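If you read the protein sequences in the order shown, they are chains A and B. Number 258 in numbering that gives the first Met the number 0 belongs to position 259 of the first sequence; there are no gaps in the numbering. Number 91 in numbering that gives the first Met the number 0 belongs to position 92 of the second sequence; there are no gaps in the numbering.
Derived by calculation from the structure, the hints in this document are not laboratory data. Don't take each hint at face value.
[To be verified] Mimicking DSS-like on lysine-lysine, the simulated pairs with C-alpha atoms at most 27 Å apart in a straight line are: (1) Lys381(A) - Lys284(B); (2) Lys51(B) - Lys347(A); (3) Lys267(A) - Lys205(A); (4) Lys51(A) - Lys51(B); (5) Lys51(A) - Lys284(B).
[Unchecked claim] Restraint ranges, calculated between C-beta atoms of paired labels, are given here: (6) Glu360(B) - Asn85(A): 24 to 30 Å; (7) Lys61(A) - Glu361(B): 45 to 51 Å; (8) Val345(B) - Asn85(A): 48 to 54 Å; (9) Pro84(B) - Ser199(A): 57 to 63 Å; (10) Thr244(A) - Thr49(B): 45 to 51 Å; (11) Lys61(A) - Tyr355(B): 52 to 58 Å; (12) Asp4(B) - Pro356(A): 47 to 53 Å; (13) Glu99(B) - His378(A): 37 to 43 Å.
If you're wondering where the values come from, they're calculated on a predicted model, not measured in any experiment. Quick reminder that beta carbons are idealized off the backbone N, C-alpha and C, glycines included.
There are 2 protein chains.
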Amino acid sequence: MNYIDGGVCAPAGFQAAGVHCGIRSKNTEKKDLALIVSDRLCSAAAVYTTNKVKGAPIAVTKAHLENRKAQAVICNSGNANTCAPNGREIAEKTCQLTAEYTGIPAEDIIVCSTGVIGEPLSMEPFERGMGPLVQALSADGGTMAAEAIMTTDTVSKECAVEFELGGKTCHIGATAKGSGMINPNMATMLSFIATDAAVSPEMLQKALSEDIKDTYNQLSVDGDTSTNDTVAIMANGAAGNKEITEEGPEFETFCRALRMVTEVLTKKLARDGEGATKLIECQVKGAPDADAARILSKSVISSDLFKSAMFGEDANWGRVLCSLGYARADFDASDIQVEMGSGKGVIKVCEHSALYPHSEEEAAEILAEEEITIYVDLHQGKGEAKAWGCDLTYDYVKINGDYRS
Amino acid sequence: MNYIDGGVCAPAGFQAAGVHCGIRSKNTEKKDLALIVSDRLCSAAAVYTTNKVKGAPIAVTKAHLENRKAQAVICNSGNANTCAPNGREIAEKTCQLTAEYTGIPAEDIIVCSTGVIGEPLSMEPFERGMGPLVQALSADGGTMAAEAIMTTDTVSKECAVEFELGGKTCHIGATAKGSGMINPNMATMLSFIATDAAVSPEMLQKALSEDIKDTYNQLSVDGDTSTNDTVAIMANGAAGNKEITEEGPEFETFCRALRMVTEVLTKKLARDGEGATKLIECQVKGAPDADAARILSKSVISSDLFKSAMFGEDANWGRVLCSLGYARADFDASDIQVEMGSGKGVIKVCEHSALYPHSEEEAAEILAEEEITIYVDLHQGKGEAKAWGCDLTYDYVKINGDYRS
Numbered sequence: 000m001n002y003i004d005g006g007v008c009a010p011a012g013f014q015a016a017g018v019h020c021g022i023r024s025k026n027t028e029k030k031d032l033a034l035i036v037s038d039r040l041c042s043a044a045a046v047y048t049t050n051k052v053k054g055a056p057i058a059v060t061k062a063h064l065e066n067r068k069a070q071a072v073i074c075n076s077g078n079a080n081t082c083a084p085n086g087r088e089i090a091e092k093t094c095q096l097t098a099e100y101t102g103i104p105a106e107d108i109i110v111c112s113t114g115v116i117g118e119p120l121s122m123e124p125f126e127r128g129m130g131p132l133v134q135a136l137s138a139d140g141g142t143m144a145a146e147a148i149m150t151t152d153t154v155s156k157e158c159a160v161e162f163e164l165g166g167k168t169c170h171i172g173a174t175a176k177g178s179g180m181i182n183p184n185m186a187t188m189l190s191f192i193a194t195d196a197a198v199s200p201e202m203l204q205k206a207l208s209e210d211i212k213d214t215y216n217q218l219s220v221d222g223d224t225s226t227n228d229t230v231a232i233m234a235n236g237a238a239g240n241k242e243i244t245e246e247g248p249e250f251e252t253f254c255r256a257l258r259m260v261t262e263v264l265t266k267k268l269a270r271d272g273e274g275a276t277k278l279i280e281c282q283v284k285g286a287p288d289a290d291a292a293r294i295l296s297k298s299v300i301s302s303d304l305f306k307s308a309m310f311g312e313d314a315n316w317g318r319v320l321c322s323l324g325y326a327r328a329d330f331d332a333s334d335i336q337v338e339m340g341s342g343k344g345v346i347k348v349c350e351h352s353a354l355y356p357h358s359e360e361e362a363a364e365i366l367a368e369e370e371i372t373i374y375v376d377l378h379q380g381k382g383e384a385k386a387w388g389c390d391l392t393y394d395y396v397k398i399n400g401d402y403r404s
Numbered sequence: 000m001n002y003i004d005g006g007v008c009a010p011a012g013f014q015a016a017g018v019h020c021g022i023r024s025k026n027t028e029k030k031d032l033a034l035i036v037s038d039r040l041c042s043a044a045a046v047y048t049t050n051k052v053k054g055a056p057i058a059v060t061k062a063h064l065e066n067r068k069a070q071a072v073i074c075n076s077g078n079a080n081t082c083a084p085n086g087r088e089i090a091e092k093t094c095q096l097t098a099e100y101t102g103i104p105a106e107d108i109i110v111c112s113t114g115v116i117g118e119p120l121s122m123e124p125f126e127r128g129m130g131p132l133v134q135a136l137s138a139d140g141g142t143m144a145a146e147a148i149m150t151t152d153t154v155s156k157e158c159a160v161e162f163e164l165g166g167k168t169c170h171i172g173a174t175a176k177g178s179g180m181i182n183p184n185m186a187t188m189l190s191f192i193a194t195d196a197a198v199s200p201e202m203l204q205k206a207l208s209e210d211i212k213d214t215y216n217q218l219s220v221d222g223d224t225s226t227n228d229t230v231a232i233m234a235n236g237a238a239g240n241k242e243i244t245e246e247g248p249e250f251e252t253f254c255r256a257l258r259m260v261t262e263v264l265t266k267k268l269a270r271d272g273e274g275a276t277k278l279i280e281c282q283v284k285g286a287p288d289a290d291a292a293r294i295l296s297k298s299v300i301s302s303d304l305f306k307s308a309m310f311g312e313d314a315n316w317g318r319v320l321c322s323l324g325y326a327r328a329d330f331d332a333s334d335i336q337v338e339m340g341s342g343k344g345v346i347k348v349c350e351h352s353a354l355y356p357h358s359e360e361e362a363a364e365i366l367a368e369e370e371i372t373i374y375v376d377l378h379q380g381k382g383e384a385k386a387w388g389c390d391l392t393y394d395y396v397k398i399n400g401d402y403r404s
């Protein structure tokens, strides 16, 4: 099982493309329409935002995935199609238009939007762009698609792995965007995952739903859950393995491969958080159970006070303890150990929930790096989890406060 | 019922003082030790942080308030006495020292600390300062005490009201600090409330516990719940009214007077949030119930995205809908109206959960003011609540990230 180059087109039978169709009227260069297609119908699964205010495309995608099958993803950036007039109609028409040009039935198409909310979206740019988009489809098109779904992301994000199932070489490839603002109105996290492994829809949903608990759901840039978050996976079976229909060693292998991809993309999203200068990982162990560890690690990387301290490269362990203490998890706070690490080493700063004497110079040197890990040991159980975030910087405020000027 | 000048010494029978005793070694001017005393034993009640990591003084205060009686508050700033060696012993000795100088039994003393966590606190500055502190006690000393509990607060905060109970003139006066960092390690909210009304301990606790649901608990600067938050109230009965021992018109009058004080202090705390340039109030009505309205209004003023938009004076109603949508409250998000207002007027920006056409110039003019109110109507029930916060600014990041440089 190893990482390979590429993204959503790394698995056999997938093509992708991205074009500028004019949804972003002010920027005539930025690609704003992405298409990912499989050469055959796929098992499909998805997870969506828990926000009660939802983008219109989510309802359409949910309806299309009722039969747990899909063959394509169409996604625009620049407008979230949320709280906008005729949103559902626009999302449905987008699928119909995609169907006309690709021959894939509209009900087998996943539709997503990301961008500003509350602004009308018209069909006109889709009508102009769909022809060139379908024309551009290519097995090398993953990066084009990855670029087309970007909003305030500063880099496109892709990851792929190769692994074996029953002697057949399989692949999982994916792209993700977000944890930046959208045009700039709202942070939306989107990720599209493709695999040529044969996996039943039920097991695919199970794999995805379990996976995101420890990856995308453990990511926070600013704690704001978007109206449009969607993670979708399609499995087309082109690798020729015997379909995975139940738990067992092959399902475990598939889940491990999936985790390799989603964890890398989660880190890339955190590192590219708005205004971020550092990727912050918090590893919690010794928690009562995994759920508590997830909640506690995420509370640390979500704290504005802690995030500001990381920006200031200050080993402020008191803020780690504070954010653990107010997390919605049951645990005993009397024997907490905190270490902080980076490529420059690891330093213990707190033991038995109190100061552990350490060199401030050494701590500052460790925290000057761009990838920081906070290690927390609660000394009470076997629960472990990680969470990822970034520092809080002047630029976060600038991006989100000043964009009109 | 009306506002009067003053703070904790506005009620009859209370004296207060504040001195510099040297807990803040770097700043030899800033007062860092406060004392509030009543001339007789009081009914007393308190509420504390829900953080599992708690300052040592909280355990001591809880023990001293088991009999629901108190006669004095001793509070230092500059060191939180949290995760610090011998914390409980230091807090107990502080009460004993206060008892020696005032003649008030140690077990009738409320003790609080606010400041940096994880650093050792010694008795030495208390021993040096207690004599001058008790010497300085005065019925004009409320402001001294209010100044002595400040940490990164930029202004001291006091409020007082006068009202009648059964023909007797009564007063409630209070001070508060916080929603800024502590020296600078952690936002701690402290408020000490004094009244000369006679109220039984049970009804005093009931009044306080109900009141904070709609005042201090509806305040957020950065979402970080401190280890040391404490709100304490003492009622000494000097006004001569018949003691309030049950619900009824007099209890309601007392609660209304209390609310007048705590709501003003809540707003002062929000306005003085770290780096804040604006006070933001969110009023939610039409919610299924009051609890939902509280959660929803607080979610709006807690959103970093929304707070950044307020700093940018941008009528970004999409962020209001987004933060309502992810709040942990049950409600129907289909018919939300949002208006934004200030001294310059009120403008509707969202109706039926969609854009309501409006002038951006007019909105910008309204949001250029220093006190902004966001009016949300969910059109489904009678639940109403308010919450208070501030904008997120470069200075917040600076205060919390750069303090060592």
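Okay, the hints, checked on the actual structure:
Our distance criterion of 27 Å between C-alpha atoms is broken by Lys381(A) and Lys284(B), whose separation comes to about 45 Å. Taken as a hint, the Lys51(B) and Lys347(A) pair is honoured in the structure, with Cα atoms around 22 Å apart against an allowance of 27 Å. Between Lys267(A) and Lys205(A) the alpha-carbon distance is near 24 Å, which keeps this suggested pair within the 27 Å criterion. Taking the CA atoms of Lys51(A) and Lys51(B), the gap is about 30 Å. The hint is violated against a cut of 27 Å.
A threshold of 27 Å between alpha carbons decides the hint, and for Lys51(A) with Lys284(B) the separation of about 18 Å falls inside it, so the pair holds. Checked against the hint of 24 to 30 Å, the C-beta distance between Glu360(B) and Asn85(A) comes to roughly 28 Å, which is consistent with it. Distance hint check: the CB atoms of Lys61(A) and Glu361(B) are about 39 Å apart, inconsistent with the given range 45 to 51 Å. A C-beta distance of roughly 29 Å is found between Val345(B) and Asn85(A), which places it outside the suggested range of 48 to 54 Å.
Pro84(B) and Ser199(A) have their C-beta atoms about 59 Å apart, which keeps the hinted 57 to 63 Å range intact. The supplied range of 45 to 51 Å is met by Thr244(A) and Thr49(B), whose beta-carbon atoms lie about 46 Å from each other. Look at Lys61(A) against Tyr355(B): about 28 Å separates their beta carbons, and that is not inside 52 to 58 Å. Asp4(B) and Pro356(A) have their C-beta atoms about 49 Å apart, which keeps the hinted 47 to 53 Å range intact.
As the Cβ distance of Glu99(B) to His378(A) is approximately 40 Å, the hint placing it in 37 to 43 Å holds.
Hint violations for this structure: numbers 1, 4, 7, 8, 11, all remaining hints satisfied.
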